[in-house]
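**Q** Take a look at the letters that make up each chain.
2 protein chains.
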Amino acid sequence: LFNDHIDQFRAEFLELHPYDQARIFEGLDKEVRMQIYTYLSPEEVADVMEHIDYDEIEPFFTEMDPTFAAQVFAEMSTDDAVDILNELDKDKVASFLTIMDDDAADEIKDLLHYEEKTAGSIMTTEFVVVKAGMTIKEAMVHLRTEAPDAETIYYTYVINEDKRLVGVISLRDLIISEEEWLISDVMNERVVSVSVGEDQEEVARMVRDYDFLALPVVDFQDHLLGIITVDDIMDVMEEEASDDYSKLAAVSDVDSPDDNAFASAKKRLPWLVILLFLGSLTASLIGRFEDTLDQVAILAIFIPLIAGMAGNTGTQALAVAVRGIATGEIEKQGKWKMMMREAGTGIITGLSCGVLITLIVYIWHENFFLGVLVGLSIFMTLVVATLAGSLVPLLMHRLKIDPAVASGPFITTVNDLISILIYFGLATAFMNLLI
Amino acid sequence: LFNDHIDQFRAEFLELHPYDQARIFEGLDKEVRMQIYTYLSPEEVADVMEHIDYDEIEPFFTEMDPTFAAQVFAEMSTDDAVDILNELDKDKVASFLTIMDDDAADEIKDLLHYEEKTAGSIMTTEFVVVKAGMTIKEAMVHLRTEAPDAETIYYTYVINEDKRLVGVISLRDLIISEEEWLISDVMNERVVSVSVGEDQEEVARMVRDYDFLALPVVDFQDHLLGIITVDDIMDVMEEEASDDYSKLAAVSDVDSPDDNAFASAKKRLPWLVILLFLGSLTASLIGRFEDTLDQVAILAIFIPLIAGMAGNTGTQALAVAVRGIATGEIEKQGKWKMMMREAGTGIITGLSCGVLITLIVYIWHENFFLGVLVGLSIFMTLVVATLAGSLVPLLMHRLKIDPAVASGPFITTVNDLISILIYFGLATAFMNLLI
Chain A
55 LFNDHIDQFR AEFLELHPYD QARIFEGLDK EVRMQIYTYL SPEEVADVME HIDYDEIEPF
115 FTEMDPTFAA QVFAEMSTDD AVDILNELDK DKVASFLTIM DDDAADEIKD LLHYEEKTAG
175 SIMTTEFVVV KAGMTIKEAM VHLRTEAPDA ETIYYTYVIN EDKRLVGVIS LRDLIISEEE
235 WLISDVMNER VVSVSVGEDQ EEVARMVRDY DFLALPVVDF QDHLLGIITV DDIMDVMEEE
295 ASDDYSKLAA VSDVDSPDDN AFASAKKRLP WLVILLFLGS LTASLIGRFE DTLDQVAILA
355 IFIPLIAGMA GNTGTQALAV AVRGIATGEI EKQGKWKMMM REAGTGIITG LSCGVLITLI
415 VYIWHENFFL GVLVGLSIFM TLVVATLAGS LVPLLMHRLK IDPAVASGPF ITTVNDLISI
475 LIYFGLATAF MNLLI
Chain B
55 LFNDHIDQFR AEFLELHPYD QARIFEGLDK EVRMQIYTYL SPEEVADVME HIDYDEIEPF
115 FTEMDPTFAA QVFAEMSTDD AVDILNELDK DKVASFLTIM DDDAADEIKD LLHYEEKTAG
175 SIMTTEFVVV KAGMTIKEAM VHLRTEAPDA ETIYYTYVIN EDKRLVGVIS LRDLIISEEE
235 WLISDVMNER VVSVSVGEDQ EEVARMVRDY DFLALPVVDF QDHLLGIITV DDIMDVMEEE
295 ASDDYSKLAA VSDVDSPDDN AFASAKKRLP WLVILLFLGS LTASLIGRFE DTLDQVAILA
355 IFIPLIAGMA GNTGTQALAV AVRGIATGEI EKQGKWKMMM REAGTGIITG LSCGVLITLI
415 VYIWHENFFL GVLVGLSIFM TLVVATLAGS LVPLLMHRLK IDPAVASGPF ITTVNDLISI
475 LIYFGLATAF MNLLI
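Protein chains in written order, with this note's numbering: chain A, 55 to 489; chain B, 55 to 489.
Worth double-checking, as some hints may not be accurate.
Simulated restraints on C-beta separations [stated by the list, open to error]:
#	chain 1	residue 1	chain 2	residue 2	range
1	B	Thr116	A	Leu166	40 to 46 Å
2	A	Val183	B	Pro113	43 to 49 Å
3	A	Ala186	B	Ser306	22 to 28 Å
4	A	Lys320	B	Glu69	52 to 58 Å
5	A	Leu405	B	Arg64	48 to 54 Å
6	B	Glu97	A	Gln387	28 to 34 Å
7	A	Ile417	B	Gln387	22 to 28 Å
Keep in mind that the hints were calculated from the coordinates and are not lab data. No residue lacks a Cβ here, since even glycine has one placed at the ideal position from N, Cα and C.
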C-alpha cells in the first residue's frame with residue numbers, strides 16, 4: 055500500500071494511537087512488517103510493541119534484526135520490556151541483553167529477578183524523584199527535563215539524603231504552589247507505598263481503594279525502587295478476574311481466542327480426567343448399594359436430581375467463599391461466623407427445596423414415603439453440600455493453597471459423592487417403608 | 055475518645071486518606087457519628103462518603119440533618135452523588151434536591167436521567183475545558199483556578215466556538231510547551247470519546263486498551279457532556295468481574311459479606327428452585343426408561359458419572375464462550391469458526407475420556423459391552439455438551455440477552471438431561487447385547 059512512500063506512511067501511521075497502530079501491525083504479513091521495521095525508529099516500534107499481547111509477541115521479536123530488537127527493548131518501559139522478556143527463551147533474553155547498552159540492560163536485569171505476580175514484577179523504574187530541599191521552581195525544571203521518559207509525571211516522589219521515600223507531591227499541587235516554596239512544605243508526608251514482594255492483587259486493591267494514579271514500591275529500608283502506574287493495575291485486575299473465572303469453570307485459561315481445537319482441549323482435558331476418576335468413585339459407591347437398587351429400581355430416577363442439586367448449591371457456596379477470601383472479608387468477619395451463616399443458608403434453602411420436591415414426587419408418583427425420602431435427602435444434601443462448598447476453600451486457604459483451585463466442577467463432583475451416600479443411606483435404612 | 059477536643063480530632067482525622075477516614079467512620083457508633091457531623095464541614099464529610107460502599111451508605115444520610123446532607127451531596131463529585139442518590143428512595147432524593155442550591159441540583163438532576171451502566175451514569179461533570187484559540191499561558195491560569203474542583207486536571211479538553219469537542223491536551227504537554235504557543239497548535243486532534251449511551255463495560259475496555267486516565271463523553275453532536283476518570287473505571291471493572299463470576303456460579307451477588315443467612319438464602323434460592331424443576335424433568339426422563347432400568351439395574355451406577363461429565367465439559371465451554379463474547383473476540387473470529395473449534399475440542403476430549411472409561415469399566419466389571427456403552431455415551435455426551443455449552447450463550451447473545459445469565463449450574467442441568475437421553479437411548483437400543 056505505502057510502497058516506497060516512507061513519509062506518507064510515517065505521517066499517517068504515527069498519527070494513530072499506539073493501540074490502534076498495534077492492531078494494524080498485527081494484521082499485516084511478515085513481508086510488510088519487515089518493511090515497517092526499516093521505516094520506523096526503535097522508539098516508535100517500542101510504542102507499538104507495548105500494545106501487543108505478551109503471548110502473541112514472540113514472532114515479531116524473532117523476525118527483527120537482533121540489534122534492532124535489542125534497541126526496541128531498550129526504548130520500551132522497563133516493566134513492559136521485562137514482561138515480554140519473561141515470555142521468551144532464556145538464551146534469547148541473554149543475547150538481547152548482551153547487545154543492549156549497559157544502563158538499559160542493568161535496569162532490565164534487576165527487574166527480571168522479581169518473582170511473578172509481585173509488586174516488583176509489575177513496577178517500572180522510569181519515575182521522577184526530587185529532593186525534599188528543592189524549591190517548587192527547581193522541581194518543575196527537573197520535571198520538564200524528565201517528562202519525555204517518565205512513565206508518569208503526575209506524581210513526583212520525594213526522597214531525603216539517605217534516598218529514603220519521605221513524601222509525594224502531585225503535579226496538581228505543584229502547579230498551584232508558589233515558585234519559591236519548598237517541596238518539604240507542600241509535599242504529602244503520609245505517602246502510601248508497597249513493599250517489593252507484595253502480591254499484585256493486594257497492590258491492585260490499594261490503588262483502587264485509594265484512587266491512586268501510581269503507587270511507589272520500596273524495599274524494607276524504604277528506598278524507592280520503582281512505581282506501579284494505574285494502567286498496569288488495570289491489566290492486573292483483568293488478569294486476576296479472568297483467572298478466578300477460569301478456575302471456577304475448571305479451564306486453565308478462558309481468554310485465548312486464537313487457540314485451535316487441540317490447544318483448547320489441552321486446557322480442559324486434565325480437569326476432565328481428574329473429574330472422570332472422581333466420577334468413577336461415585337459409580338463404585340452406587341455399586342455398593344446394588345441390593346437396594348435391585349429392590350427399588352425407581353430410586354435410580356432421582357439420582358441426577360439429587361446429585362445435581364448438591365453440585366449447584368456447592369458451587370454457589372464455593373463462589374461466595376472464594377470471593378470472600380479474595381476480598382479479605384472473611385478474614386475480617388471470622389471463619390466461624392461465615393460457617394454459621396452458610397449452615398443457616400443451607401438449612402433455609404434445604405427446607406424450601408426439600409418440601410417442594412416432597413410435594414412434587416408425592417403428586418407425581420402417589421408414593422408418600424418416596425416423596426419424603428427424596429425430600430429428606432435433598433434437605434440433608436443441601437445443608438452438607440453448602441457447608442462443603444464453603445469449607446473446602448477455607449481449608450485450602452489455611453493450607454496456603456489458592457482457594458480458587460477448588461473449581462465449580464470439582465466441588466460438584468465431590469458433592470455428587472456426598473449426596474449419593476446420603477440418598478442411598480437413607481433409602482437402605484428405611485427400605486421397609488418403600489417396598 | 056476525642057470528646058470536646060474538636061481541634062485535635064480534626065488535626066488527626068483529616069490527615070488520613072479519605073479511604074482510611076471512611077473505614078474508621080464506618081466502625082463508629084451512631085452517637086459518635088452524630089458528633090462528627092458537627093465537627094466536620096460538608097465538604098470534609100463528602101470526602102468520607104465518597105469512599106463508603108453505595109449499598110451501605112443509606113443509614114448515614116438518613117441520620118444526618120437533611121440540610122447538612124443536601125450540602126454534603128452538593129460538595130461530592132457529581133458522579134458519586136448520583137450513584138448514591140440512585141440507591142435511595144425517590145421521595146428522599148426529591149427532598150434533598152429541593153433543599154440543595156439550584157446549580158448543584160440541576161447538575162445532579164441531569165445525571166440522574168442516564169440509564170444505569172451507561173457512560174452517562176458513571177461520568178462526572180467536573181472537568182476542565184479550554185478554547186482552541188487560547189495560549190498555553192491563558193490555559194494554565196484557567197487550569198489553576200479550576201484545579202480545586204475538577205475531578206482531574208491531567209487532561210484538558212478543547213472545544214471550538216460551537217462548543218464541540220475538537221481536541222485534548224495533557225498537563226504533561228502543557229508544562230513542556232512554551233507559554234505563548236496556541237492550544238490549537240499543541241493539542242491532540244485525534245481525541246477518542248465515547249457516546250453518552252455507551253455500555254460501561256465497553257468504556258472500561260477502551261480506557262484499559264488505550265491507557266487513558268480519563269475519557270470524554272459526548273452527545274451525538276460531539277458536545278462535551280462529561281468525563282469518566284480511571285478511578286471510576288476500576289470500580290466498573292471490579293463490578294463487572296464480580297457480576298460475571300456470580301452468574302457463572304448462579305448466585306445473584308457473591309460480594310455481600312454482611313449478609314445474614316436469610317439474605318444469603320434469598321440470593322441463591324430462586325436459582326435453586328428453577329434448577330430443581332429442571333432436575334425433575336431429568337427424573338421424569340429416566341422414568342420413561344424404567345423398563346430398561348428394570349432389566350439392567352447396573353446401568354443406574356453410571357448415571358451420576360455421565361451426567362457429571364456432561365455438566366463439567368458444558369461449564370468449561372460456557373465459560374470460554376461467555377468470555378469470548380464479553381471481550382468481543384468471538385464477534386471478530388466469527389461464530390462458525392468458534393463452533394467448529396468447540397466441536398473439535400469436544401471430539402478430542404470425548405475420545406480421550408471415552409476410551410479411558412471404557413477401559414476402567416471393562417477392567418472393573420469384566421463386561422466389555424457395558425464398558426463400550428459407557429465409553430460411547432461419554433464420547434457422545436462430551437461432544438454434544440461442549441457444543442451446548444457454547445451454543446447457549448451465543449443464542450442468548452443473538453437474542454440480546456446477557457449470555458452470562460446462562461450460569462454454570464443451568465448449563466449443567468440442561469446437559470444432565472441431554473446425557474441421560476444419550477445414555478439410556480443407547481442402552482435401550484443395544485439392550486440385547488447387555489443382558
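**Q** Using the C-beta atoms of B/Glu97 and A/Gln387, is the stated range 28 to 34 Å upheld?
**A** Because 33 Å falls inside the window, the suggested range holds.
**Q** Is the hinted range of 22 to 28 Å satisfied by the C-beta distance from A/Ile417 to B/Gln387?
**A** Once the Cβ atoms are compared, 48 Å apart, the range 22 to 28 Å for B/Gln387 and A/Ile417 is violated.
**Q** Do the beta carbons of B/Thr116 and A/Leu166 sit within 40 to 46 Å of each other?
**A** violated (55 Å)
**Q** Looking only at beta-carbon atoms, does the pair A/Lys320, B/Glu69 fall within the given range of 52 to 58 Å?
**A** Since A/Lys320 and B/Glu69 have Cβ atoms about 54 Å apart, the given range 52 to 58 Å holds.
**Q** Could one say that the CB atoms of A/Ala186 and B/Ser306 fall in the range 22 to 28 Å?
**A** With Cβ atoms ~52 Å apart, the hint is violated.
**Q** Between A/Val183 and B/Pro113, is the Cβ distance one that fits in 43 to 49 Å?
**A** For A/Val183 and B/Pro113 the Cβ distance comes to about 44 Å; the hint holds.
**Q** Within 48 to 54 Å or not, the Cβ separation of A/Leu405 and B/Arg64?
**A** holds (53 Å)
Hint violations for this structure: numbers 1, 3, 7, all remaining hints satisfied.
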